Amino acid sequence: MMQEGLDDGPDFLSEEDRGPRAVNVDLQTDATLQVDISDALSERDKVKFTVHTKSTLPNFKQNEFSVVRQHEEFIWLHDSFVENEEYAGYIIPPAPPRPDFDASREKLQKLGEGEGSMTKEEFTKMKQELEAEYLAIFKKTVAMHEVFLCRVAAHPVLRKDMNFHVFLEYNQDLSVRGKNKREKMEDFFKNVVKSADGVLVAGVKDVDDFFEHEKTFLLEYHNRVKDASSKSDRMIRSHKSVADDINRIASTLYTLGTQDSTDVCKFFLKVSELFEKTRKIEARVAADEDLKLADLLKYYLRESQAAKDLLYRRGRALVDYENANKALDKARAKNKDVLQAETSQQVCCQKFEKISESAKQELIDFKTRRVAAFRKNLVELAELELKHAKGNLQLLQSCVGVLKGDT
Amino acid sequence: MAASSPRNPPPLRGAENQDPLSEMADEDSDEGEDIFVGNSNPVAESFQPDTANGEEPADLFSEEETSTAVNSSITTFKSNGVHSDNENDLFAEVSVELSMENPSTTAKTSGAEFTPSLTLSATQPRSMEQLEEEKDEDSFDMDVAVTNPEKIGDGMNAYMAYKVSTRTTLPMFRNRTFSVWRRFSDFLGLYEKLSVKHSLNGCIIPPPPEKSVVGMTKVKVGKEDSSSADFVERRRAALERYLQRVVCHPSLLQDPDVREFLERDELPRAVGTHTLSGAGFLKMINRASDAVSKMTIKISYSDAWFDNKLQEVESEDLQLRKLHAVVDSLVNHRKELCGNTAVFAKSMAMLGNSEDNTALSRALSQLAEVEDKMETLHQEQAASDFFILAELLADYIRLLGAVRGCFEQRMKTWQRWQEAQSTLQKKREVEAKLLWANKPDKLQQAKEEITEWEGKVTQYERDFDRISVTVRKEFLRFEKEKSKDFKSQIVKYLESLLQSQQRLVMFWEAFLPEAKAIA
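These protein sequences, in sequence, are chains A and B.
Take the first sequence: its letter number 145 is residue 145 in full-length UniProt numbering, and every next letter is one higher.
Take the second sequence: its letter number 109 is residue 109 in full-length UniProt numbering, and every next letter is one higher.
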């Protein structure tokens, strides 16, 4: 099974980032299907992704081609997997979250409205900040959509899916509209039923130790990842606020420093410059934490949910199988509709066994992927934190040296 | 952090001391205001500004003391009880430190020669301003510290007593080291007495910290939580800075009330301070200044300088307030970050527990520990933000208020002179009329009144000139101190940031191998 970490992802603020970055798919032994998002365009209320495919598979007309897709079409693809009974035994790669620029747009708008109340320098600075933020969110959403596609492309069964091929190749609009209100309500009820059912199914004790263990494990793990994810978001937000404050301190010190040309004013100017630099680093620390930690947790929140869903489907199949067994016994006892009961029991049995078999492998692979992804991200996180702390340290040391030397 | 190892004391200049010392002594003997004070006590509670010295620009000693102060202050920051030892220890430590450098008296007076280039300028005054500045280069040893806050009494009648310790070589004090116990209202009382006496001369009188009913009530009621501990520490540090500024001021130090405050065992309870705090007094000054500025004022020859300076003060006040607001916001956000980090650390630990891959589980627990350490780091940094930066700004916002009051005093004096002149004019007109009307007895009275008012006019003019000189001198001194204060405090703050980053590097360096060990 192919490994897919949460991407070597675009290091949003690194200088070397230029254009598209293919996700690092480690163990891919054959390059017969490579998918990436080579470009993206952000329009008023939607994002257009250019999905680029390279493939030697015979089913495609060309070896290399691109199409333009929107978020709804990704969701359509994901849902088609979920609804496909054949894939009941697999962990369906979680759908990418909807691109959400609302917050960022709102901030830009507020900035525009407040333009009169701040100095030109402040305004330009803040504008640059917000634009950088917008760009970061944009890159993130591209990465998440890309990861989804790559996971599908790496999965030995899902990559052969017809809908997937259509998604990749059909260069017209898929005419997949977003769900309207009624369909959304239907979805909502479906989910309610599913979770109620899920509770019932989860209550059934599994004979198989492996699955029983996985069930308990996943439940707890999922909840804790959820908690960790929201707490990490909050922490990183505070961090960003701190960086913003340092920014404002730098500006005010600059104003103080330009009032005169006395000793102390020159001092203020130097300190202001220092704070400008340190806050850039602080902002990067927050951004890197976001990328390597918060995003990692968010992704595994979604994947662990997908794994739970798999277990649920298997559990459902088990319950169906057991019910079919009971029905068969009853039929045999009454000697009525025995053949029917037998067939249905066979079907249930096959379904259950098929799911069980692939589920086991899926869950093992999930573990491997998870460990690898965490390792990669934690190492990168630590390295980045170190890099930034050392950078900060150097700045501070040299500035303090200069300032002390002056006095 | 740059190591602050004690420098080798420069060779003791025995004989050489005499000449520059006596030279300066000659200049000194003219005016009583030249007794200056030495460095603030470096070992005394954390985060003091180096306000206590009006000494020469060669801040070599203050540098060193500042950095050692940072060292001790980082570690002793939270412990109010550092000085619960005997008062002797307090200064014993100090004297040990000082002996590692030059003995302070000789050091400070020979300070000018320690940097030869400055000595030259010191002994060749070219302008009035330079003359004013060099007189600051003399210094005498004088350290004050405010320590050991103790709660006396119970319930709503309780109050905090603070130990005020002085160490000095000035002859006007009875002993060399001594301490007394004072309460907050005593400090306010001192301020009031000084204001009454000196503000009319145009002195910039350092304002004391503000009253806080809420803060004190918590303390009285006996709430033993971190916020009341913070409040007490904040107040103690503020009182210390206040006193240091007072003793640093050449004229105020001479005031017998100050001496009494420092020396006398039992001080009569200051009355009226419950209604009049520093803030209240400042409000009065501000109201008066508004009234004065509304009157039309003739521009006289030196007004340009004063007008400029007043404008500078006002725009600086604006910027400092802005800065203070942002620093406040920073403190709050950092505290928030601290809390959120703690919560995150816990949830990470939980996640590590759930994780069934042993190596990853271990790494996650380690990450949780790193985040825990970061929480402590953030907390300490927030305290630095507050005690070094925010309080510095708050102090100077109050001080600028006092400076404005000072300028307004001068305006009032000018006003009085102008009014006397117009009264004199009127009296002369009356005399002229009487001459015309030929009423000899009333004429005599009128002539007497004229003489009286002529006297007053001369007096007021002299007053005005005098106060102008004082205000000018005070302002220059203030600017110098402010510059020094800001520089030293900000450097201290940067050093605290530096330390934080160093610790951060340590934490992550320890974590990295754990992360790499995941398999």
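Rather than coming from a laboratory, the hints here were simulated on the basis of the structure.
Remember, it's a predicted structure, so these values are computed and weren't measured experimentally.
Treat the hints with caution; some may be incorrect.
Said to hold, decoys possible - Calculated Cβ distances over 10 Å to all of chain B for the following chain A residues: (1) Pro58; (2) Arg105; (3) Phe123; (4) Leu130; (5) Glu131; (6) Ile137; (7) Glu183; (8) Tyr221; (9) Ala306; (10) Asp337; (11) Lys390.
Said to hold, decoys possible - Restraint ranges, calculated between C-beta atoms of paired labels, are given here: (12) B/Glu509 with A/Lys360: 36 to 42 Å; (13) A/Gln62 with B/Ala510: 30 to 36 Å; (14) A/Asp208 with B/Glu509: 42 to 48 Å; (15) B/Ile397 with A/Gly116: 44 to 50 Å; (16) A/Ala103 with B/Pro513: 36 to 42 Å; (17) B/Lys516 with A/Val157: 32 to 38 Å; (18) B/Thr169 with A/Gly401: 51 to 57 Å; (19) A/Thr119 with B/Thr451: 56 to 62 Å; (20) A/Arg98 with B/Glu509: 52 to 58 Å; (21) B/Glu150 with A/Ala103: 39 to 45 Å.
For each residue, glycine too, the CB sits at the ideal point set by N, CA and C.
Verification of the hints:
1. Pro58: Non-interface label stands for A/Pro58: nearest chain B Cβ at 39 Å, farther than 10 Å.
2. Arg105: Non-interface label on A/Arg105 holds, nearest chain B Cβ at 24 Å vs cutoff 10 Å.
3. Phe123: A/Phe123 clear of chain B: closest Cβ-Cβ about 16 Å, beyond 10 Å.
4. Leu130: 18 Å, holds
5. Glu131: Answer for A/Glu131: holds, closest chain B Cβ roughly 23 Å.
6. Ile137: 21 Å, holds
7. Glu183: 35 Å, holds
8. Tyr221: At about 5 Å from chain B, A/Tyr221 fails to clear the 10 Å cut-off, so the statement is violated.
9. Ala306: 17 Å, holds
10. Asp337: Correct as stated: the minimum Cβ-Cβ distance to chain B is 46 Å, above 10 Å.
11. Lys390: Nearest chain B Cβ is 6 Å from A/Lys390, so the label is violated.
12. B/Glu509 with A/Lys360: 36 to 42 Å: Hint holds: Cβ distance 40 Å, inside 36 to 42 Å.
13. A/Gln62 with B/Ala510: 30 to 36 Å: Since the Cβ atoms of A/Gln62 and B/Ala510 sit about 53 Å apart, the hinted range of 30 to 36 Å is violated.
14. A/Asp208 with B/Glu509: 42 to 48 Å: 45 Å, holds
15. B/Ile397 with A/Gly116: 44 to 50 Å: For A/Gly116 against B/Ile397, whose Cβ atoms are near 27 Å apart, the range 44 to 50 Å is violated.
16. A/Ala103 with B/Pro513: 36 to 42 Å: At 38 Å between Cβs, range holds.
17. B/Lys516 with A/Val157: 32 to 38 Å: 34 Å, holds
18. B/Thr169 with A/Gly401: 51 to 57 Å: 34 Å, violated
19. A/Thr119 with B/Thr451: 56 to 62 Å: With a Cβ separation near 60 Å, A/Thr119 and B/Thr451 satisfy 56 to 62 Å, so the hint holds.
20. A/Arg98 with B/Glu509: 52 to 58 Å: 39 Å Cβ-Cβ, so the 52 to 58 Å window is violated.
21. B/Glu150 with A/Ala103: 39 to 45 Å: Given about 51 Å between the Cβ atoms, the range is violated.
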